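Chains as they are written, first to last, in our numbering: chain C, 12 to 618; chain X, 12 to 618.
Check before you lean on any hint, since a few could be wrong.
No copy labels: a pair is met if it fits in one copy or bridges any two.
[Stated by the list, open to error] In silico EDC-like pairs for lysine to aspartate or glutamate, Cα to Cα no more than 16 Å straight-line:
#  : residue 1 : residue 2
1  : K187      : E70
2  : K446      : D239
3  : K81       : E65
4  : K13       : D263
5  : K108      : E24
6  : K13       : D73
7  : K45       : E89
8  : K446      : E574
9  : K197      : E331
10 : K45       : E132
11 : K137      : E16
12 : K137      : D471
13 : K45       : D131
14 : K179      : E98
15 : K108      : E153
16 : K179      : D471
17 : K13       : E24
18 : K587      : D131
These are calculated hints, taken from the structure and not from any lab test. Computed from a predicted model, the values in this text were never measured in an experiment.
So the chains spell out like this:
There are 2 protein chains.
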Amino acid sequence: MKFSETFIPTLREVPADAVIASHRLMFRAGMLRKLANGLFTYLPLGLRAFRKVENIIREEMDAIGSLEIKPSVVVPGELWMESGRWETMGESMLKVKNRTGAALVISPTAEEAVTAMIRDELFSYKQLPISVYQINTKYRDEIRPRYGVMRGREFTMKDAYSYHSDEKSLDETYRKMEAAYRRIFKRCGLTVIPVRADSGAMGGSGSEEFMVESEIGDNTLILCRSCDYAANVEKAECKPDYEAPAADDQADTLPIERIATPAVKTIAELCAFLKTDAKAFIKTLIYRAVNVEIDLSRAPGCANLRRVKPAPEAPAVYAEAFFAVCIRGDLDVNEVKLAAALKAGEAALASDADVERLTGARVGFAGPVGLASVPVVADESVTALYDAVTGALETDVHYRHAAYGRDFTPWLVTDVRTVKAGDRCPVCGGGLYEKKGNELGHIFKLGYKYTTPMNVRFLDENGKSQTPLMGCYGIGVDRTLASVIEEHHDDAGIAWTMSVAPFHAIIIPVKYEGVIRSVTDTIAAELEKRGVEVLVDDRNERAGVKFNDADLIGVPFRVVVGEKNLSLEKPVVEVKRRGEQDVKLMPADSIASAIAGMVFDELLKLG
Amino acid sequence: MKFSETFIPTLREVPADAVIASHRLMFRAGMLRKLANGLFTYLPLGLRAFRKVENIIREEMDAIGSLEIKPSVVVPGELWMESGRWETMGESMLKVKNRTGAALVISPTAEEAVTAMIRDELFSYKQLPISVYQINTKYRDEIRPRYGVMRGREFTMKDAYSYHSDEKSLDETYRKMEAAYRRIFKRCGLTVIPVRADSGAMGGSGSEEFMVESEIGDNTLILCRSCDYAANVEKAECKPDYEAPAADDQADTLPIERIATPAVKTIAELCAFLKTDAKAFIKTLIYRAVNVEIDLSRAPGCANLRRVKPAPEAPAVYAEAFFAVCIRGDLDVNEVKLAAALKAGEAALASDADVERLTGARVGFAGPVGLASVPVVADESVTALYDAVTGALETDVHYRHAAYGRDFTPWLVTDVRTVKAGDRCPVCGGGLYEKKGNELGHIFKLGYKYTTPMNVRFLDENGKSQTPLMGCYGIGVDRTLASVIEEHHDDAGIAWTMSVAPFHAIIIPVKYEGVIRSVTDTIAAELEKRGVEVLVDDRNERAGVKFNDADLIGVPFRVVVGEKNLSLEKPVVEVKRRGEQDVKLMPADSIASAIAGMVFDELLKLG
C-alpha cells in the first residue's frame with residue numbers, strides 16, 4: 012500500500028489531554044481520532060493494528076472450541092430485569108426507552124443476552140459443555156473517560172460464556188480459557204500478570220485477572236518477591252503478622268476499664284494520649300452494605316430486616332444492612348473483601364448520622380464491647396488482641412484492657428484486611444510488594460449466578476431437570492492494543508511487536524521516481540508476494556520527515572532505497588529494525604526474501 | 012469442523028412470525044435467533060455466512076481505494092445538531108442522555124461522525140479525493156420490525172463517504188462505487204435492479220438504489236419493458252400521455268361557469284353527476300410541507316412566512332408551509348416527488364381544518380381558480396387542460412370550462428405525478444410495469460448538504476478556501492445475506508451461492524465409526540488442506556435426519572460415505588450438488604481434489 016493512497020495523518024503535536032504514551036502515540040501516529048469524550052474513530056492505520064489483536068483473540072478462541080456468535084449491541088432491558096442487574100448495574104449502564112416504550116440497554120456485557128439464547132436452545136446434558144463468544148461493541152458510561160482507548164466509553168470486547176453440567180467441566184473450560192489468554196497476550200508481545208481477583212459485580216466463585224503494569228492503572232496488585240503469588244488487592248491475603256496469644260498472657264490481662272478520652276479523635280491522638288501503639292487498638296467502623304445475601308436472621312440488631320428477591324428466581328437479599336467492622340488499629344478494612352464476606356453488592360462507610368444512631372456516640376467511639384445494635388464483624392487480626400484499647404460506645408470514652416473472647420464475641424470473624432507492601436505472602440511467607448495495573452482480561456466462574464434467576468434448565472443423564480453452571484471470560488480489545496504500545500515504544504514513537512504491527516515493513520524511496528521508484532516497486536511487490544504487509548512512503552517529502560514518520564508509526568522493518576546505493580555494481584538498500592541502531596546494507600535483489608524470513612521468524616517466536 | 016463441535020440448532024418448526032423464506036430458513040437452519048422484536052443473535056452458522064458477505068464487500072471497497080475506519084456506534088448528539096438532523100431525523104433515531112447530561116445517538120448512519128473527522132483533518136486539495144468506509148452496527152427504531160433481519164432494528168451496514176474538490180471527482184468516485192456495488196451483488200449471486208432514486212432525507216443531487224425484487228419489498232419500482240429504464244416510484248417519470256392543446260380548441264372553450272354540485276364529494280360521484288371523465292378534472296389537494304427550502308418570498312399567501320436556519324451553517328428553511336397541488340383527475344400526486352420539487356423535508360396532506368381554513372370551503376371543493384391563500388403547484392398534466400371541472404372554493408360548488416393559463420396561472424408547474432404500470436417510458440416510450448423491491452444498497456451524490464452546515468473547508472490550488480462536495484454509499488449487510496437466501500432456496504431449505512455458503516461441503520458418514528470414520532476424516536483433511544471449508548456430520552443420527560439437515564442448511568456439496576461403497580475394489584463415495592437431483596459415485600481417493608476444483612471454479616465464475 013502506498014502512503015499517498017492511505018490516510019495516516021501523523022502529528023507533531025501531542026493532544027493536550029494525552030498523559031500516557033499509548034494515548035499520545037495513537038493520536039500522533041494517525042491511528043485514532045476523538046469524536047467526543049470517551050468516543051473515538053479508528054483511522055486506517057489504527058484499525059489495521061486493532062484487527063491484528065482481534066484476530067489473535069479469535070484464533071485462540073476458535074482453537075479451544077469456543078464458537079463465535081453475534082448478538083445485537085442494543086438488547087432488551089427485560090433480560091436485565093430477569094437477572095436482577097437492571098437495578099444493580101448502576102449508572103454506568105446506558106438505558107434508553109424507545110418510541111414504543113420498550114426498555115433497551117446498550118450492552119455493557121452480555122451474560123443476559125447469551126444466557127437467554129442458551130435457555131431457549133438447551134435441552135439435554137448432551138449439549139454441554141458449550142462455549143460461545145463474541146467480539147463486539149460495548150458501552151459503559153465512564154464518569155471520567157480518559158487515557159484514550161484505555162478507559163473509553165465505547166469499546167470492543169471479546170466476551171465468552173460457557174455452560175456446564177458440573178463443576179469439573181466448568182473447571183476444564185476455565186483452565187482452557189486461562190491457557191488461551193496466556194497465549195493471546197504472549198502473541199501480542201505483552202507481559203501480563205495473572206492475578207487472583209474478586210469477582211465483584213459479576214458474582215461467582217473463582218476469577219482471575221490478566222493485568223499489565225501501568226502507572227495509571229486503576230488496580231493495585233499485590234505480588235510476592237519469592238514466589239509467583241499475585242492478587243488484586245481486592246482479593247489479596249497475607250500470612251498473619253501476629254501469633255495466637257499465650258494462655259498466660261491472656262490470664263494476666265487486667266479487667267476491662269473505662270477511661271475518659273476527651274478531645275481525642277484519631278487513633279494517632281489516642282496513641283499519644285495513652286502512650287501506646289496503634290497495634291494495641293481495635294479500630295471499629297460502621298459499614299452500610301446493600302443487597303446482602305448472607306443470612307442475618309440470627310444476627311444482632313437484624314430482627315426487623317426482611318429479605319426480598321430482586322428477580323423471581325434470584326437469591327433473596329437484604330436491601331440494606333449495617334455492620335460494625337473491627338480491625339487492629341494499624342490495619343485498613345478492604346471494602347471489596349468485606350462485601351465478598353457478606354455476599355453483598357457493595358459495602359461502604361456509613362454516614363455520620365447512622366454511626367451516631369447505631370453506636371449512641373459521636374463518630375470515633377465505636378467499639379465491639381456491649382454493641383448489640385448491629386452484627387460485629389471482626390478481622391482475624393482482632394483475635395490476637397487480649398489487652399486492647401477500643402471505643403466505649405460513649406462520646407469521649409474508651410475502654411482499655413479489652414480482650415477478644417473475654418469482653419466481646421464477634422458475630423463473624425473473617426479476613427477483611429487490606430494487604431500492603433511489606434506484608435508476608437500467604438503462600439510462601441515471602442515479602443509482598445505493590446504494583447499498579449490495568450486489567451486486560453478477566454475470567455470468572457459464575458456458578459449459578461445467572462442461570463438460576465434466568466431459569467436455565469437441562470435434563471441430566473437420569474432425566475432430572477438441572478441448572479447449568481456458567482463461566483464468563485472477557486478481554487478488552489482496545490485496551491490490549493493500547494497496552495502493546497505502552498510496552499513497546501520509545502521517544503521516537505511506537506515500536507510494534509510483529510504480530511500487531513499494522514505493516515511489517517516500510518519502504519522509503521529517497522525520491523519516488525526513476526530507478527529508485529522501480530526498485531521500490533519491485534521490492535514491495537516481492538514482499539507482498541511473500542505475505543509481508545508493506546507500506547511504501549511515496550510522498551514527496553524530505554527523507555528526514557519520512558524517517559521520523561516511519562519511527563513514529565513504528566513499522567518493524569524500514570528499507571531505504573537511495574540512488575547512490577543503487578548505482579553500485581551490486582545494488583544495495585539500507586535496512587533497519589525499529590528500535591535498533593544498526594543500519595545494514597543488504598543486496599537489493601534478495602532483500603524481500605531476507606525480510607520475509609525475519610518477519611515470519613518473529614511471528615513464529617511469538618507463538 | 013465437526014457438527015458435534017459446533018452449534019447448529021436446526022428446527023422442523025417454522026417460527027410463527029416468519030412469513031418470508033429468508034426469515035423462516037435463517038431460523039430453521041440454526042443461523043439466527045431472536046432476542047427481542049427486531050433484535051437478533053447470529054449463531055455460528057449464520058455468522059459464517061454473514062462474514063462471507065462482509066468480506067466480499069470489504070474486498071470490493073478496498074479494491075476501489077476506499078479506506079476502512081471504525082467510528083464509535085454511540086456518537087455525540089452535538090454533531091447531529093450541527094447538521095440539522097437532530098430535529099429532522101424523526102423518531103427512528105434512538106437518542107439518549109447519559110448520566111452527565113450529554114446527548115448521544117445510537118448511529119442510524121454516519122454522515123455526521125465521518126464529516127466531523129474529515130473537517131478536522133482536511134487542509135488542502137492535495138488530500139482530495141478521499142473515500143472512507145466502515146462496516147459497523149447501526150440502529151433504527153423501526154416502528155414495526157419484521158421479516159427477520161430484512162427489516163430489523165439493529166443491523167450492520169457498510170457505509171462509505173467520499174469528499175471531493177469538484178463535481179468531476181465526485182462523479183468518478185460515484186461511478187467507481189456503482190461498479191463496485193454491481194460486483195458485490197454479482198459475487199453474492201444476487202440479481203439486483205439498479206434504479207434511479209430520490210435522495211430523500213439524505214438530500215443531494217443524484218442517487219441510485221440497488222434493489223432486489225421481493226413480494227414484501229417496501230419500494231415500488233417502475234421498469235420499462237423495452238429498455239433498461241428503472242426507477243423507484245418516488246423518482247420515476249414518464250412520457251406525457253397528453254398533447255399540448257391546439258390553439259383552436261383553446262379558443263373554442265366556453266367561459267368558466269359555476270355549477271352547484273350538492274351532495275357530490277368524490278371525483279367518481281362528480282363524473283357521474285356531470286357525465287364526464289376523470290381526465291377532464293383538475294384535482295386540487297392541500298399539502299403541508301415542513302423544512303421547505305424553496306424561495307417563497309413572492310409566493311401567494313406566504314408574506315408572513317419567515318425562514319430560519321436549523322443550524323448556523325445550514326440553508327435557511329420555512330419550518331412549515333401549505334400548498335395547493337393540482338393534478339389531472341385520474342392521476343395521483345407523489346408526495347416524495349412533491350417534497351423534492353419544494354426542496355422540503357416532507358410533504359403530506361393537510362388536515363381537514365387547514366383545508367377549510369385555506370380554501371374557505373369543506374374538503375372536496377378546492378381549485379386553482381381565484382385561490383390566493385396558498386401557492387398553487389400544478390403537475391405538468393394540468394397544462395393540457397383547457398375545458399376542465401374543478402372546485403370553486405365554496406362548499407357544494409364547482410367550476411366547469413376552467414382553462415389553464417386563461418382562468419388560473421399556477422405559481423409552479425412541475426412533475427409530481429405518481430407513475431404507474433401502463434404509463435410510457437420517459438426514455439424510449441415503451442410500456443412501464445411495476446415490481447416490489449427491497450433496497451440492498453444506495454449511492455448518493457450529497458453535494459454540500461453536510462459539508463456546508465458542518466463547515467468543512469479546504470484550500471484549493473489557488474489558496475482559496477472552499478467547501479468540498481460529498482458522496483455517501485451504503486449497503487445493508489444483513490439484508491444482502493437474507494436476499495441471497497430469498498433468491499437461492501427451495502422447499503427443502505437454503506441453496507447457497509458458493510461465495511456466501513457457510514461451508515462449501517458437508518460430509519455425511521452413514522455411521523461415524525471404523526473405516527467410514529477414517530475415510531471421512533481423510534477426505535475432510537484433504538479438503539481443508541485445499542482451502543475448502545468442510546462440515547463433517549459426525550452426529551449419531553439416522554442418515555435421513557442428516558440428509559434433511561444438509562439440505563436445510565444448504566451446503567453446496569454433499570458427500571456421503573457409506574460402508575458398501577467403501578468395500579468395492581475401488582472405493583467410491585456419493586456426491587451431490589445442492590439443488591441438483593443427480594447423485595454421482597466418485598472415487599474416494601480423488602474426491603477432495605475434484606470438489607476443490609469445482610468449488611474454486613464456481614467462486615471464480617462469481618467474480
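Against the structure, the hints come out as follows:
In this homomeric assembly, K187 and E70 come within 16 Å of each other (Cα to Cα) only inside a single copy, at 14 Å, whereas the closest approach across copies is 34 Å. With identical chains, the CA atoms of K446 and D239 are at most 16 Å apart within one copy only, with a shortest distance of 14 Å there and 70 Å across copies. Proximity of K81 and E65 under a CA criterion of 16 Å is satisfied in both settings, with 14 Å inside one chain copy and 13 Å between copies. For the homomeric pair K13 and D263, neither the shortest alpha-carbon distance inside one copy (85 Å) nor that between copies (74 Å) is at most 16 Å.
Proximity of K108 and E24 under a CA criterion of 16 Å is satisfied in neither setting, with 42 Å inside one chain copy and 33 Å between copies. Proximity of K13 to D73 under the C-alpha cut-off of 16 Å is restricted to the inter-copy arrangement: shortest distance 13 Å between copies versus 33 Å within a copy. In the homo-oligomer, the alpha carbons of K45 and E89 lie at most 16 Å apart only across protomers (14 Å), although the nearest pairing inside one protomer, at 33 Å, exceeds that limit. In this homomeric assembly, K446 and E574 never come within 16 Å of each other (Cα to Cα): the closest approach is 51 Å inside a single copy and 64 Å across copies.
Proximity of K197 to E331 under the C-alpha cut-off of 16 Å is found in neither arrangement, the shortest distances being 44 Å within a copy and 63 Å between copies. Within a single copy, K45 and E132 get their C-alpha atoms only as close as 41 Å, which misses the 16 Å cut-off; across copies the closest is 12 Å, which meets it. Taking the closest pair of Cα atoms, K137 and E16 come within 16 Å of each other only across two copies (11 Å); inside a single copy the shortest separation is 53 Å, beyond that limit. For the identical chains of this complex, K137 and D471 are intra-copy neighbours only, at 8 Å inside a copy versus 68 Å across copies, given an alpha-carbon limit of 16 Å.
In this assembly of identical chains, K45 and D131 lie within 16 Å of each other by CA distance solely across copies; the values are 10 Å between and 40 Å within a copy. Within a single copy, K179 and E98 get their C-alpha atoms no closer than 32 Å, and across copies no closer than 56 Å, so neither meets the 16 Å cut-off. Taking the shortest alpha-carbon separations for K108 and E153, only the inter-copy value of 14 Å comes in at or below 16 Å, while the best intra-copy value is 20 Å. Proximity of K179 and D471 under a CA criterion of 16 Å is satisfied intra-copy only: 15 Å inside one chain copy versus 69 Å between copies.
Taking the shortest alpha-carbon separations for K13 and E24, neither the intra-copy value of 24 Å nor the inter-copy value of 53 Å comes in at or below 16 Å. Taking the closest pair of Cα atoms, K587 and D131 never come within 16 Å of each other, the shortest separation being 57 Å inside a single copy and 34 Å across copies.
Hint violations for this structure: numbers 4, 5, 8, 9, 14, 17 and 18, all remaining hints satisfied.
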